[in-house]
Amino acid sequence: MTSNPPDYEDADPGLARVRTSLAWTRTALSFAAVGGVALRKDVIAGLLIIATAPVIWRLGRLAHHRPGRLRLVTAAIVAVAIVALVVALTH
Numbered sequence: 001m002t003s004n005p006p007d008y009e010d011a012d013p014g015l016a017r018v019r020t021s022l023a024w025t026r027t028a029l030s031f032a033a034v035g036g037v038a039l040r041k042d043v044i045a046g047l048l049i050i051a052t053a054p055v056i057w058r059l060g061r062l063a064h065h066r067p068g069r070l071r072l073v074t075a076a077i078v079a080v081a082i083v084a085l086v087v088a089l090t091h
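Going left to right, the sequence shown walks through residues 1 to 91 as our numbering numbers them.
No lab work stands behind these hints, which were simulated from the structure alone. Beta carbons are placed, not taken as given, at the ideal position from N, Cα and C, and that holds for glycine. Hints may contain errors.
Stated by the list, open to error - Per label pair, the in silico range of CB-to-CB distance: (1) Ala33 to Val86: 29 to 35 Å; (2) Leu22 to Ala51: 29 to 35 Å; (3) Ala16 to Leu89: 33 to 39 Å; (4) Arg19 to Leu39: 29 to 35 Å; (5) Lys41 to Ile77: 31 to 37 Å; (6) Leu15 to Leu85: 31 to 37 Å; (7) Gly36 to Ile82: 19 to 25 Å; (8) Arg19 to Val87: 29 to 35 Å; (9) Asp42 to Arg71: 28 to 34 Å; (10) Arg61 to His91: 30 to 36 Å; (11) Arg69 to His91: 18 to 24 Å.
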């Protein structure tokens, strides 16, 4: 008799939330690392990029059921994109 491997997502549906939280943390760390590299070329651009890292990390820590979260995440993504565009166009 063969049995299928256990589906851990069914056993603990909270794993999706943990993975999402870890993804936000990795993204924030990536922004901080890119900002550190950018500091070598241009201090202002590097500081702007580094300043977005805590914002991204905090967005990932918000409660998933909080009303208006999707709008807040969308606004943050648009703001980061605008900062990136301004930095790219001015340098």
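* Hints that the structure is at odds with (numbers, increasing) -> As far as the earlier hints go, 1, 2, 5 and 11 are violated by this structure, in ascending order.
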